[in-house]
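K.L.:
My request is simple: use the sequences and hints to build the entire structure.
These protein sequence lines map, in sequence, to chains S and L.
Here our numbering = 1-based position in the first sequence + 18.
Here our numbering = 1-based position in the second sequence + 18.
Honestly, the hints are just simulated from the structure, not real lab data.
Warning: the hint list may mix true and false statements.
[What the hints assert, rightly or not] Here are the simulated DSS-like pairs of lysine-lysine, each with C-alpha atoms no more than 25 Å apart in a straight line:
#: 1; chain 1: S; residue 1: Lys-244; chain 2: L; residue 2: Lys-185
#: 2; chain 1: S; residue 1: Lys-185; chain 2: S; residue 2: Lys-133
#: 3; chain 1: L; residue 1: Lys-244; chain 2: S; residue 2: Lys-185
#: 4; chain 1: L; residue 1: Lys-244; chain 2: S; residue 2: Lys-244
#: 5; chain 1: L; residue 1: Lys-185; chain 2: L; residue 2: Lys-133
[What the hints assert, rightly or not] Here are the computed distance ranges between Cβ atoms for each label pair:
#: 6; chain 1: L; residue 1: Gly-363; chain 2: S; residue 2: Ala-182; range: 45 to 51 Å
#: 7; chain 1: S; residue 1: His-257; chain 2: L; residue 2: Ala-379; range: 23 to 29 Å
#: 8; chain 1: S; residue 1: Gln-145; chain 2: L; residue 2: Gln-145; range: 23 to 29 Å
#: 9; chain 1: L; residue 1: Asp-234; chain 2: S; residue 2: Glu-139; range: 52 to 58 Å
#: 10; chain 1: S; residue 1: Glu-47; chain 2: L; residue 2: Leu-147; range: 36 to 42 Å
#: 11; chain 1: S; residue 1: Ile-294; chain 2: L; residue 2: Asp-234; range: 19 to 25 Å
#: 12; chain 1: L; residue 1: Gly-198; chain 2: S; residue 2: Arg-144; range: 48 to 54 Å
[What the hints assert, rightly or not] Which chain S residues face chain L? A few, computed with CB under 10 Å, are given here:
#: 13; residue: Asp-55
#: 14; residue: Gly-284
#: 15; residue: Tyr-293
#: 16; residue: Val-380
#: 17; residue: Leu-415
Just so we're clear, the structure is a prediction, and the values are computed from it rather than from any experiment.
Note that the Cβ used here is the ideal one computed from N, Cα and C, for glycine as well.
Protein chains: 2
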Amino acid sequence: METTTRLILPEVIEALGTDPQELAELTEELHPADLADLASALEPELAKKLLVVLPVEVGARLLENLDEERRGELFAALATADLQRAAAITDEMAADDRADLYATIGEELRAELLKAMDEEESRDVRQLLSYPEGSAGSLMTTDYVALPANVTAQRAIELIRETAADKETIYQAYAVDQNGTLLGVVSLRDLVVSPADRTISEIMEPNIVSVQAEDDQEEVARIIAKYDLLALPVVDRHHRIAGIITIDDAIDVVEEEATEDVQKMGAVEPLEQAYISTPFRELVRARAPWLVVLFVAVMATRNVLEHYSAHAAVMLMWFVPLIGASGGNSGSQSATLVIRALAVGRLEPNQAGRVLLRELAVGLTLGGILALFGMASTMVWESSRMAGMVLTIGCALICVVTVGALLGSGIPLLLHRLGIDPAVASTPFITSLVDIAGLILYFEIAGLFLA
Amino acid sequence: METTTRLILPEVIEALGTDPQELAELTEELHPADLADLASALEPELAKKLLVVLPVEVGARLLENLDEERRGELFAALATADLQRAAAITDEMAADDRADLYATIGEELRAELLKAMDEEESRDVRQLLSYPEGSAGSLMTTDYVALPANVTAQRAIELIRETAADKETIYQAYAVDQNGTLLGVVSLRDLVVSPADRTISEIMEPNIVSVQAEDDQEEVARIIAKYDLLALPVVDRHHRIAGIITIDDAIDVVEEEATEDVQKMGAVEPLEQAYISTPFRELVRARAPWLVVLFVAVMATRNVLEHYSAHAAVMLMWFVPLIGASGGNSGSQSATLVIRALAVGRLEPNQAGRVLLRELAVGLTLGGILALFGMASTMVWESSRMAGMVLTIGCALICVVTVGALLGSGIPLLLHRLGIDPAVASTPFITSLVDIAGLILYFEIAGLFLA
Chain S
19 METTTRLILP EVIEALGTDP QELAELTEEL HPADLADLAS ALEPELAKKL LVVLPVEVGA
79 RLLENLDEER RGELFAALAT ADLQRAAAIT DEMAADDRAD LYATIGEELR AELLKAMDEE
139 ESRDVRQLLS YPEGSAGSLM TTDYVALPAN VTAQRAIELI RETAADKETI YQAYAVDQNG
199 TLLGVVSLRD LVVSPADRTI SEIMEPNIVS VQAEDDQEEV ARIIAKYDLL ALPVVDRHHR
259 IAGIITIDDA IDVVEEEATE DVQKMGAVEP LEQAYISTPF RELVRARAPW LVVLFVAVMA
319 TRNVLEHYSA HAAVMLMWFV PLIGASGGNS GSQSATLVIR ALAVGRLEPN QAGRVLLREL
379 AVGLTLGGIL ALFGMASTMV WESSRMAGMV LTIGCALICV VTVGALLGSG IPLLLHRLGI
439 DPAVASTPFI TSLVDIAGLI LYFEIAGLFL A
Chain L
19 METTTRLILP EVIEALGTDP QELAELTEEL HPADLADLAS ALEPELAKKL LVVLPVEVGA
79 RLLENLDEER RGELFAALAT ADLQRAAAIT DEMAADDRAD LYATIGEELR AELLKAMDEE
139 ESRDVRQLLS YPEGSAGSLM TTDYVALPAN VTAQRAIELI RETAADKETI YQAYAVDQNG
199 TLLGVVSLRD LVVSPADRTI SEIMEPNIVS VQAEDDQEEV ARIIAKYDLL ALPVVDRHHR
259 IAGIITIDDA IDVVEEEATE DVQKMGAVEP LEQAYISTPF RELVRARAPW LVVLFVAVMA
319 TRNVLEHYSA HAAVMLMWFV PLIGASGGNS GSQSATLVIR ALAVGRLEPN QAGRVLLREL
379 AVGLTLGGIL ALFGMASTMV WESSRMAGMV LTIGCALICV VTVGALLGSG IPLLLHRLGI
439 DPAVASTPFI TSLVDIAGLI LYFEIAGLFL A
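P.N.:
So this is what it looks like as structure tokens:
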């Protein structure tokens, strides 16, 4: 929360109880995003009261800027108390935010609200609701500017002026024919700069980047970022325009996708809500399966140790965690670098060979560095008499760090090649694999030097 | 690379050798971002040739869309061969991209290019170059629209039309007084919609969100995303406007910052370049210090094991990696969730107590689940006779998983409280701490049940 918002919070709470007039003054100059912060910090009952007291249009802006989970709760509470007002507020909301809101409320309430809307708008909402979460369709809004291709720049600006109030953006307008087929895109910049009598078809850019409603939101964000677009049109199979996705939604997607990737890399099923508002059950559900899978995988280490400990010196056992951690850390580093590079599209599949060669070299170098530390400390601890032990630790470190680097980079690359999201090769998963491989290597090397 | 770009690559390479005219036709319809992809895929010598053959303005767009590292190399090669052309291309570049480019080339070349520019523009570049990397100043452009507050909407649109070609965006204009003090912001949307004779001071929004040139780019991106801004003004101490940062730069920052956080969390010093173009030395430098630090930290496990193994049953040693991994994985999960929530500003410092309580509960639950698996498998392996062993494994798993959850969440929260970036509490770091604590707990518990 911004500091200014935090400072007026107590006054807002007081005004809510006593003086709605003062409340209007307090909140008048707040940006809707700050107003949403304020509502989030209030008790549910007070937040609901705020929505009742504020002008309908301000309430709509507030809801547009609220977290999805809190928005659903707050709106459901309002609708239960005052359905008329709830319907009036959604009338004022942007089409995409309204559809998102409707997706999070109960079916009964949704049906009631849809019944209260006029036919065309209700069809619009139903259409937007039909796209799966995470698709281009679920991000888009139908409030875009469409223009006939044969009007002049001057006429186009007039048309835009007349309808601007209802549009998500007027900075990009889309030239369409009578079937709604997308012919080109023209920016308000081009319209303003071009001579008044030029037609849209002369000004427009006919080479348009577009997506389909089923495309993934990650792809949408990638395209918007790559081509520096303010808005990206969504078309159907017949290249008819269905909606647009604006860059402010793309920025949220980039952050959301990064969060999902980070969570997967930490062996957590991506959470649907913010961590702090995720219910306890949900947290356990997102974490337990991975912990169990990893536990079962690492169980193999017990058998490896049982097998080798029959013959090995006790001293060898003392170094087991150190060897395992070194390989695991190296693997985590490689996996982190490769998974992220793949996620941001900075690594092409045909570079896999080059990556593995480099990781081999990096692994050997890093392993060599650790080996120096490991051998030096072994000499100190084991009072230098046991040359075999010193050599075992040195060789084992070089091997496990290199194996870590190779598995950490190779497994994500393999998953990517197979069309599986490489982020599922979480760092704990890589660590577990390296643990098992590392132990076997360690004892085999010890067998050579300490036989 | 987009498929279409990949498809014309061979033709472009051929045309570069034989037929510049065909080249112009091939590349004419390409978006500058695709052209940049193309240049990235070419051998350096051919890429340089492409810049020589393309029109100067197209070359400028190409450079604007190229990776920083490749841009610097390509431009330096061009400047060595043809300084005139290199200077002409930078003349056409956006002010912010040009300054970024100048920051990556050698000092001598930069001095030569600055000498060739006119006085005012050269001062402008020097100013932009003076801001440290990662600051708002380093992201901003000086190509913004400033308007006197007393002109009418109609006049303002005329003024914008006249200067549009040189501006980064014309969709936000900034009302300033004769000293350059920022008075308000007005969007082209407001200008187009409002009656022609209204003055800017009547239309503009006087409550402006702005940043200072020294502010961090992460804060810039947060503000742009939060308030859905197309551009954010940068002001000096006297509230005079110095430049603007556009949303397309913010989207790159969000991705860049997420990458840095991911790398830190994987115990890698953030790389300056893309993974694949990072030199070998740089990769080792980014990874070796952390590996060594973690190695030294985990060394403690050797002493812990030496201490306990004197009295403990050999069988206890077999479970060391399993116990360590379970605690480490739980810690990785907690650290991932908390670090990311802090990074995206979805966790407030005053929620630390609530987080720790929840992690305690989650840790106990997850530990309980793993304990069931652990005890069941111990009964199978150790043929159920040793009740003490089964109890040891069960209790140890509950304890280490809980300790993992508490350390994994608590350490990032503590670092955040101390003003240190919580992402430095990498998952390998958490894993190492949990390893040591977990081993001690495990053997102490064993002492109770197996005494």
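K.L.:
Looking at the structure, which of the earlier hints fail to hold?
P.N.:
6, 7, 8 and 9
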